[in-house]
Amino acid sequence: MSAHENYNKLVFAGPVGAGKSTAIAAISETPPVSTEETLSSGAMGDKTTTTVALDYSFLNLEGSIIHIYGMPGQARLGFMRNIVLEGALGVVLLLNGESEEVYNDASYWLRSIREISPQLNVVIGITKTENNPDLSLNELRGSISQIDPKAPILSVDAREEDDMKQLLKILLALHMAQAV
Amino acid sequence: MKDITIAHAGCDEAVLKKLQVSANLFLGEGYSLCFKQWEGTGADILVANPEDAFGYRSADVAHRHGVPLMLITDHKDQYQELINDSSIVVDADQPAGLFFRLVEKLLSKGKTAVQNVVDIGTVPSQQADTATNDDVFPELAALVGVESAMKFGLSNHYVYFLPKKGVCAAASKEDFVAVRDAIRSHEALSFSEVSDSESLTSLKHYVSSEGFFFHSFVGMQDLPRFPNGQVGLTSWPNIKSKKFAAELATLSATLVVTTCNVSDVLESHSAKVANALFYAAHISGLLEVKASEKATVTAMPTAVVDGANAKKHHGGIVGALGKWLGM
Ligand SMILES: Nc1nc2c(ncn2[C@@H]2O[C@H](COP(=O)(O)OP(=O)(O)O)[C@@H](O)[C@H]2O)c(=O)[nH]1
Ligand SMILES: [Mg+2]
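Residue numbers (our numbering), protein chains in the order written: chain H, 1 to 180; chain F, 1001 to 1327.
FYI, nobody ran anything at the bench for these hints, they're computed from the structure. Don't be surprised by glycine CBs; every beta carbon is placed ideally from N, CA and C. Each hint should be verified, as a subset may be incorrect.
Calculated pairs, DSS-like style, for lysine-lysine (alpha carbon to alpha carbon, straight line, at most 27 Å) [said to hold, decoys possible]:
| no. | chain 1 | residue 1 | chain 2 | residue 2 |
| --- | --- | --- | --- | --- |
| 1 | H | K165 | F | K1036 |
| 2 | F | K1076 | F | K1017 |
| 3 | F | K1017 | F | K1036 |
| 4 | F | K1242 | H | K150 |
| 5 | F | K1076 | H | K165 |
| 6 | F | K1017 | H | K165 |
Chain H regions said to be covered by chain F (calculated; three or more residues, Cβ under 8 Å) [unchecked claim]:
| no. | stretch |
| --- | --- |
| 7 | 19-26 |
| 8 | 156-163 |
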């Protein structure tokens, strides 16, 4: 275990609009700090304001501090990912279940994370599934089968604290199973 | 080519025709089927219509002699006395394809029974106990291993099982609740294949299939114990649950990386959650079942089994997080 691997960090990753800022707010006692920037281009569809930099929050658990980061979704900020991921207890990868790109996003993001850190525990949360009756959970499984076929995938609502806590429980269970 | 005799009793023309079509399908599988009216013995399977007097009497005899039985009726609840582990109930208006699959299921039940008798003492009891595709309760046997969409439920409430997508769908939440309650109370369910032309656009409510079945089973007072054997998960089950989140996470984390003995798991975890998970994963095609003799017997890693122990090993941050999450 390197000095950096102190597991005091949780990272929320995923494309723009997947629900990262929402998720972090849902589990935080105090409002998260977001460094936001308005995207002037229409490349992100009808979403006018989006987070292009980090979300940050923390949990103070009886004196133990866990830092929570929302990892920027834009490719041009990719270099920050390595820094953010280092020493993390795990990554919650949120994907927008409403988007047709969700299958591609799943493989792209999981592969990106695995390239940076092959051992890092990842749990995938699919948001906004209620808006997409065509979503195939098995196709999602198929889209990660070449990368990490048994990575946990859970349909969630990023606005729900309980759902977000369930994702964290999965990360913790993976961590414990790995540590055995 | 293996010879199989299917007897029938009290069935109408339409059913006989469908059985004939099934028989042709079996030819492709290297079996030759012989069809004849029930004569009391000598059949591998009896297909009977209990609403017919001869059909009922034949079914009763077959039932008592352990002959696998397919009951053709819409009124399952009226013939509970004929229903056991080696019987299947089906509506007369089901397509031939379903008849074929059900005959297949019944045949494998018959085989196990025969094997158990003939090979008693040489077949390890574990192997005889090992879950097969038919070991789900008889009520839901028609869903195991299906590849195309199936609709199941009560006369006015249906849930659609869409195995390709890995989801269950319904037109309303009430449909989910009604069918879930029917499963819990072993009510008679009807099954039908969803034709390609049937529009599914009215189905607005979706949940992972393992989620639907898990929540149905975990609330059941009398869920049978999952058959013994070695089991593992082929994919992570997508089951949203506040109440059982920690147990599901711990169980899944273990079962995706290793196969475990069913009894060991049931003893070392919440048996209610584990048992419901086994069945839900089995129907949803996520469970890998291995005969015990072939499998490497892996005990549950102790630190995973013993949550308190695990916490001791991971003090500090991880321990604090676990405590916060209630794990
Ligand atoms: N229906 C639904 N809306 C969500 C969900 N998660 C996030 N949202 C909404 O989606 C929008 C984008 O979420 P945001 O957290 O900003 O995404 P980010 O770009 O990943 O940080 C917000 O309006 C959220 O309220 C979800 O699970 N279901
Ligand atoms: Mg954001």
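Verification of the hints:
1. H:K165 <-> F:K1036: 60 Å, violated
2. F:K1076 <-> F:K1017: 22 Å, holds
3. F:K1017 <-> F:K1036: This hinted pair holds, its Cα atoms lying about 13 Å apart.
4. F:K1242 <-> H:K150: 22 Å, holds
5. F:K1076 <-> H:K165: Answer violated: K1076 of chain F to K165 of chain H is near 43 Å, above 27 Å.
6. F:K1017 <-> H:K165: 55 Å, violated
7. 19-26: violated (count 0)
8. 156-163: holds (count 3)
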